[in-house]
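S.K.: Since the structure of chain A is provided, determine the placement of chain B with the ligands on it from the hints.
Quick mapping for you: the protein sequence lines, in order, are chains A and B.
Each residue of the first sequence is one higher than the last, beginning at 1 in the working numbering.
Each residue of the second sequence is one higher than the last, beginning at 1 in the working numbering.
Hints in this document: simulated from the structure, not taken from any laboratory.
Check the hints yourself; a few may be wrong.
[As the list claims (entries may be wrong)] Not everything, but these chain A residues come out facing chain B in the computed CB check (under 10 angstroms):
1. Ala10
2. Gly14
3. Arg144
4. Leu170
5. Asn173
6. Ala191
7. Gln194
8. Gly197
9. Val198
10. Arg202
11. Val207
12. Phe210
[Unchecked claim] Residues of chain A placed beyond 12 angstroms of chain B at every Cβ, according to the derived structure:
13. Asp22
14. Gly147
15. Trp169
16. Ala192
17. Glu278
18. Lys304
The C-beta atom is built at its ideal place from N, Cα and C for all residues, glycine as well.
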Amino acid sequence: MRLAGFYLFALFTGILPVLFPDSYYVTVVGVTICTNIILAVSLNLLMGYAGQISLGHAAFFGLGAYASAILTTRYSLDPWVAMSIGAVLVGIFSLVLARPILRLKGHYLAMATLGFGIIIHILFVQMDSLTGGPDGMSGIPVLRLFGIPIDSDLKWYVVMASAMLFSIWLSLNIADSRAGRALAAVHGSEAAAQTMGVDTARVKSHVFVFSAVMAALAGSLFAHQQSFVSPESFSFFFSIELVTMVVLGGLASTFGAVFGAIVLSLLPEFLLVFEDFEVIIYGTILMAMMIFLPQGLFVTLSRKLHCMFASRLQGTK
Amino acid sequence: MACVEVQHLDKSFGGVAAISDLSFQVQEDIIFSVIGPNGAGKTTLFNLLTGLYSPTGGVIKINGKGITGLKPYEIASMGVARTFQNLQVFMNMTVLENVMVGCHMRSRSGLVAGALRLPSVLREEKQVREMAMEALEFCDMADLAGRDADSLAYGLLKKLEIARALAAAPGLLLMDEPAAGLNDTETLMLGRLIERISERGVTVLLVEHNMGLVMGISHEVLVLNYGRLLAQGSPEEVQRNPEVITAYLGDEGREIPHRRLSGCNRPG
Ligand SMILES: Nc1ncnc2c1ncn2[C@@H]1O[C@H](COP(=O)(O)OP(=O)(O)OP(=O)(O)O)[C@@H](O)[C@H]1O
Ligand SMILES: [Mg+2]
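The shape of chain A in the complex, shown without the other chains:
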């Protein structure tokens, strides 16, 4: 029952490629959606559950992607080894960063994470000898899973969809765990959380690291899937897009983040003007959500449905 929504979504994800194995929307857009879902879900752990805003989440995604790209092409490491090293490095890096940065609150935290995201992006552009500069890096080797090369769109769909479902499962579990409640407590009342024995600095830094490592792993997968990385994919704008996904769906709701990621990944496919006005559209969505639906679209809708359903049931009794 706890995971009913999850199983339903898993079923849907599994059926799609069976019904439409050749559809561009499933195997190409679908892979992008999966990547964005992992990122939105991981950002939601920090923003939604713990109430700590981050405007630099794309940087961790980029660090994972570049770690894989650099270690596999320049040092010829196995993709899985490279991915693990990338995750560990990002884990250590985010752990060091967590305490000082999470001591900040509200606008200050937003500014600090924003600055962090911009610095990392500049490093991707400037350190050309390592990162290939603005042109990026190509020739990232194919990922192999149990000896099978992941070399087709459909195979990538299977890999990314599995990773995406796994990330949702993790996130749902956290919501229903000691650490998840501690995070929600920090969000609800930091003073009360502290006096109930929650080491708030510690739980915040744990979720910061967890969320960063999730994004880094998504970045590694992204690098292999694209076989090419460039700084453009990890800019400040992408961080804003991720924040918009989380806010659009509804903070503190895993499926809210999933919903937001799906909607914002599909929009550019259907709105051709999107590319030129991307930033304006995100800004508008963020503002409209904050003013009219601070709970988020998904959360508001599911509450409404739930209420309707409940009153129907009572009516029949």
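M.R.: Leaving out everything else, chain B with the ligands in the frame of chain A:
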């Protein structure tokens, strides 16, 4: 040994002294009330005792151990729990989840174990749920476990804070104006609840404006005025103290003995 020992405690906010040169002791297993007019420094005292504020001067010892420099969560782990004057319920959670946060120190599992839902986590979750339900039952709120906290009426929210604090299995419980906003029946029930908590071997520190409640259930009363100790003693002594009557209770003070709540007689 005294459960709480306060020596020459000072706390000022930019020149305004909220607590000055305050010394007192609280013996174990009693209901100890702190009263005083608005702004006397009662909440400030609680914030100092729980580590949310750090003193400008003086020493606080809990169970003989100095708490200077300790973080609130470290003080909590010494068995100190509290409720708040301005509600600090986690409105983003259900009633049961609120109380489960109270069990935080009585459980161990970390973020990664919880994310992977390891068997050890499942076992612990079950225990935590039981402990939380027990605290809710103690407060007669078991039937509300599944409700969202933000759907509860004010009186129930106040009780939820008590249940959450009890879930931590504290040795010392600080309650900041638990009767504020409650009607007479609710206040009567609250008095009984506080006595039952005390009977469990929990030392209770109570800040309260409702004199009927305070005089009915307290073993010892301390009167604060402008951050200073004005009087300390049994409820009878404090009520007879002329300084207390004039400085704090005023005319109303003389009526107190008649306003005792019948359901709030002291145990023993
Ligand atoms: N964080 C703070 N910053 C500045 N001044 C404060 C702070 N907290 C309390 N004070 C001041 O300290 C004094 C004591 O306040 P406190 O809240 O402890 O009173 P109280 O006895 O709890 O009053 P009440 O009965 O109204 O709850 C007041 O003058 C108050 O303005
Ligand atoms: Mg107060």
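S.K.: Work down the list of hints and note, for each, if the structure agrees.
M.R.: Taking the hints in turn, this is what the structure says about them:
1. Ala10: Interface hint status for alanine 10 of chain A: violated (16 angstroms vs cutoff 10 angstroms).
2. Gly14: 21 angstroms, violated
3. Arg144: At about 25 angstroms, which exceeds the 10 angstroms cut-off, the nearest Cβ of chain B leaves the hint on arginine 144 of chain A violated.
4. Leu170: With Cβ-Cβ at 4 angstroms, under 10 angstroms, it holds.
5. Asn173: At 5 angstroms from the nearest chain B Cβ, asparagine 173 of chain A passes the 10 angstroms test, so the hint holds.
6. Ala191: Cβ of alanine 191 of chain A sits 6 angstroms from chain B, so the hint holds.
7. Gln194: At 4 angstroms from the nearest chain B Cβ, glutamine 194 of chain A passes the 10 angstroms test, so the hint holds.
8. Gly197: 4 angstroms, holds
9. Val198: OK, holds: valine 198 of chain A within 10 angstroms of chain B, min 5 angstroms.
10. Arg202: 9 angstroms, holds
11. Val207: 6 angstroms, holds
12. Phe210: 6 angstroms, holds
13. Asp22: 36 angstroms, holds
14. Gly147: Given that every Cβ of chain B is farther than 12 angstroms from that of glycine 147 of chain A, nearest at about 26 angstroms, it holds.
15. Trp169: 9 angstroms, violated
16. Ala192: 4 angstroms, violated
17. Glu278: 32 angstroms, holds
18. Lys304: 15 angstroms, holds
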